[in-house]
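Visitor: Protein sequence lines, in the order shown, are assigned to chains P, H and D.
Residue 412 in my numbering sits at position 168 of the first sequence; the count goes up by one each step and never skips.
Residue 83 in my numbering sits at position 78 of the second sequence; the count goes up by one each step and never skips.
Residue 461 in my numbering sits at position 227 of the third sequence; the count goes up by one each step and never skips.
Calculated from the structure, these hints are not laboratory results.
Note that the coordinates shown come from a computational prediction; the quantities given were computed from them, not determined experimentally.
Think of the CB as a built atom: it goes at the ideal place given N, C-alpha and C, for glycine as much as any other residue.
Don't take each hint at face value.
Stated by the list, open to error - Some chain D residues judged to face chain H by a derived CB distance under 7 Å, without partners named:
(1) 276
(2) 299
(3) 325
(4) 331
(5) 332
(6) 335
Claimed, not checked - Simulated coverage check for chain H against chain P, where a stretch passes if three residues somewhere in it have a Cβ under 8 Å from a Cβ of chain P:
(7) 114-127
(8) 166-172
Claimed, not checked - Computed list of lysine-lysine pairs in BS3-like fashion (alpha-carbon distance at most 25 Å, straight line):
(9) 11/H x 373/D
(10) 286/D x 22/H
(11) 22/H x 37/H
(12) 370/P x 325/P
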Amino acid sequence: MEKIIEIIDLHKSFGKNKILNGINLDIYKGQVVCIIGPSGSGKSTLLRCLNLLEEPDQGHIIFEGKDLTDKTTDLDKLRTKMGMVFQSFNLFNNKTVLENCIIAQMLVLKRKKEEAITIAMELLEKVGMKDFANVNVNSLSGGQKQRVAISRALAMNPDIMLFDEPTSALDPEMVGDVLNVMRDLAKSGMTMVVVTHEMSFALEVSDVVVFMDQGQILEIGDPKVIFNSPQHERTREFLKRVIEKR
Amino acid sequence: MYIYTKPTTDNLGQWIKFFWQEFHELFLDGVKWTLVISLSATVIGLLIAIFITPIKIQKITNRDRLFVKILKRIGIILSTVYVEVLRGTPMIVQAVIIYYMFLSGKVDIITSGIFIVSINTSAYIVEVLRGSIEAIDKGQMEAARSLGMTRAQAMFHIVIPQAIRNSIPAIGNEFVINIKDTAVLNVIAVTELFFVTDSINGRYYRTYEAYIIAAILYLIMTFVTTRLLYLISNKLLNGNRNKIKISFPTSQSY
Amino acid sequence: MRRLFSCLLLGLLIFIVSSCTNNNNTLTVNREDQFIVGLECGYAPFNWTTSKPTITSVKIDNASGYCDGYDVKIARLIAVHLDKQLVIKALAWEALIPQLQAGNIDAIIAGMSPTEERKQSIDFSDVYFTSEQVVVVRKDSPFVNVTSIHDFEGARITAQKETLQEELIDQMTGAIKATSLEDYAALVLATASGAVDGFIAELPVAMSVVMNNSQLTYIRFSEGNGFEIDESYITTAIGLRKGDTVLRDQINAVLASISQETRETWMEYFIKNE
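Kindly produce the complete structure, drawing on both the sequences and the hints.
Guide: See the structure below:
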């Protein structure tokens, strides 16, 4: 399998707090990687380092053969190949649903407007938001917003999709819709890295589960193995708590 | 000599009535110029500020080449000096210096007045916009950058339009302040309301009447403007359920 | 939203441009054919602003309204003799000399006295009016019956900024020099409200003041009890750019034709008919 991301000895601190303490991880094309762990373990920080939203203090991130931490790499160009979906959606408030999906296509990928609209509408239909194309994003519900956010990221034809707790801010009724979209996306072969608390999703859909605790990867492996027979004490504790909560 | 009879007593009310009858065209002309200058200066000041604010707040990252870093640093220094000087000196001083050094004889007085108030207003609006931009949720910029947009593209298309919309109450406030501050321009003989009032004073050497009328006119102007702006901003709020985060300008009386 | 904004902007631009160009209404005549005079238009009876034209008034070029008064009459006379179009510009007192030096006006006819200090920056024509300096006080002031300038012990006296009257206060023994004020309306206000006890003014101006403010009066001083001033200080002359001798000679020729009697008659007329 082709390696798409290679994370080498990543370290990151915020002030005095060491958040990432030597992360090493390889992600292969077509894989769905779910990152789980307690709050403060560094999951989101790790994800945000992948597209350099956070700048690591130490270490390297090799994406499709290019070192992102190198100052000379054209970051903007590479970011078009990494779509990101945020916990708080981050849709552009001053634009409609359709505009959200086409603006980056036109500005960054330099596509013509008609082409961008066609691509956007196709994606919006897939997530069930085609009828909302000309609606201002502020009138949408959380679940609707997240689906639009996914379309927006997909419109750039990324090679990998990064999800930062995509359903954590949603009402329970809407979580299912978004997870369905993500499931379909995984089935279509998209490489995905998902930070999530949705354990059933992680168990069902992912190829690899990564358990993080206190800035380090404690366990990594097949979801069934991790969930049914975790090796570390911390992993067991965490899973027990999470599963009990349900 | 005059159509209206001059009061023979010292009755303030009669004199005010007389002054209005005798001079109302002059007063209203002063009102017109006050409004023209303050309105155009606020709009032009906003346009200048939209141009200067991104220069002032740009970030120098360690990914920039040295040449770019130097350019950015120069831009930041120049724009900061511009804002600090214009906010840190009284507009009356700016008016005299700028007019007599650069504009007198070359540019007509009303345009000079608009120019002076414009650049002064722009400095204050830069700070207002800066505050609004910083108040915009960081997620907007993050989403734009993660899509591959450059910081400039994100600013221009996403952040700044929202910041401007949020700043409209504060900018409207600038307009109201300008209505009163244009009085300062009388020292370079701009024929706005205060200058007109002063001229009228020298007719009968009675001060209260002219100034009272002027005060009432200023009050009417600011009151009407404030109400209108309130209506406009309400309409904007209703049409767009975006929460408007209001940033207030600092006081700028001279 | 965007369309509304750009419409507003366009409308505003059109409005500004039309307003600005409206302001210059004398550009049909060449600059060489214009005689541009600067005055305060706020110093009755020498010059004041009025909203309706009279037989003696001239339209103000840079503001609305008409300028009227003794100075305007002189200006008109000179313009006729020079065969040029008279353009009146209303300016603040402090702006008169800078504007003259900058070339934006050709002459200052504003009840200005040809003091030594001013002569360092500008030239002056011959005198076009001679007057007396008096002190304006409230009718109920303790100083109302004095006869000499030395009787003002403890009085707070003020004058207009940057005028010779400021210096004259020093001659009033025992008087306290109060801060000079912006213009004559301010002096009237200060005196009428009791902030100061009085101010020094030229006789015609004092007469105008007293005519309209019944609680004020003025004190004249007989020979020997009045101010000791240089002849030049009780006169008013026309301010001209340094070295503008041609214009000065032309103006002096015109002024020479106006006798002292005529001058006094005219001044009386303007005082009475404000």
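Visitor: Interface hint check: residue 276/D, Cβ to nearest Cβ on chain H, cutoff 7 Å. Holds or violated?
Guide: Since chain H brings a Cβ to about 2 Å from residue 276/D, closer than 7 Å, the hint holds.
Visitor: Need the status of pair residue 286/D, residue 22/H: alpha-carbon distance at most 25 Å?
Guide: Since the Cα atoms of residue 286/D and residue 22/H sit roughly 17 Å apart, the hinted pair holds (cutoff 25 Å).
Visitor: Taking a Cβ-to-Cβ distance below 8 Å as contact, does the region 166-172 of chain H have at least three residues touching chain P?
Guide: holds (count 3)
Visitor: At a Cβ distance under 8 Å, does chain P reach at least three residues of the region 114-127 of chain H?
Guide: Per the Cβ count (0), the hint is violated.
Visitor: Classify the hint on residue 325/D as holds or violated, based on whether any CB of chain H lies nearer than 7 Å to its CB.
Guide: 5 Å, holds
Visitor: Restraint: residue 299/D near chain H, CB-CB cut 7 Å. Satisfied or not?
Guide: For residue 299/D, the interface hint holds, since the closest Cβ of chain H sits about 5 Å away, which is under 7 Å.
Visitor: Next pair to validate is residue 370/P with residue 325/P; report whether the Cα-Cα distance is within 25 Å.
Guide: 20 Å, holds
Visitor: So, residue 331/D near chain H? Judge it on the closest CB pair being under 7 Å.
Guide: 11 Å, violated
Visitor: Is residue 22/H close enough to residue 37/H, meaning Cα to Cα at most 25 Å?
Guide: 21 Å, holds
Visitor: Just to be careful, I want the Cα atoms of residue 11/H and residue 373/D compared with a cutoff of 25 Å; is the pair within it?
Guide: Holds. Residue 11/H to residue 373/D sits at ~21 Å (cutoff 25 Å).
Visitor: Would you check whether residue 332/D satisfies its interface hint, that is, whether its CB is within less than 7 Å of any CB in chain H?
Guide: Since chain H brings a Cβ to about 6 Å from residue 332/D, closer than 7 Å, the hint holds.
Visitor: Does the nearest C-beta of chain H fall within a distance shorter than 7 Å of the C-beta of residue 335/D?
Guide: Status violated, d = 10 Å.
In terms of the numbered hints stated before, the structure departs from hints 4, 6, 7, listed from lowest to highest.
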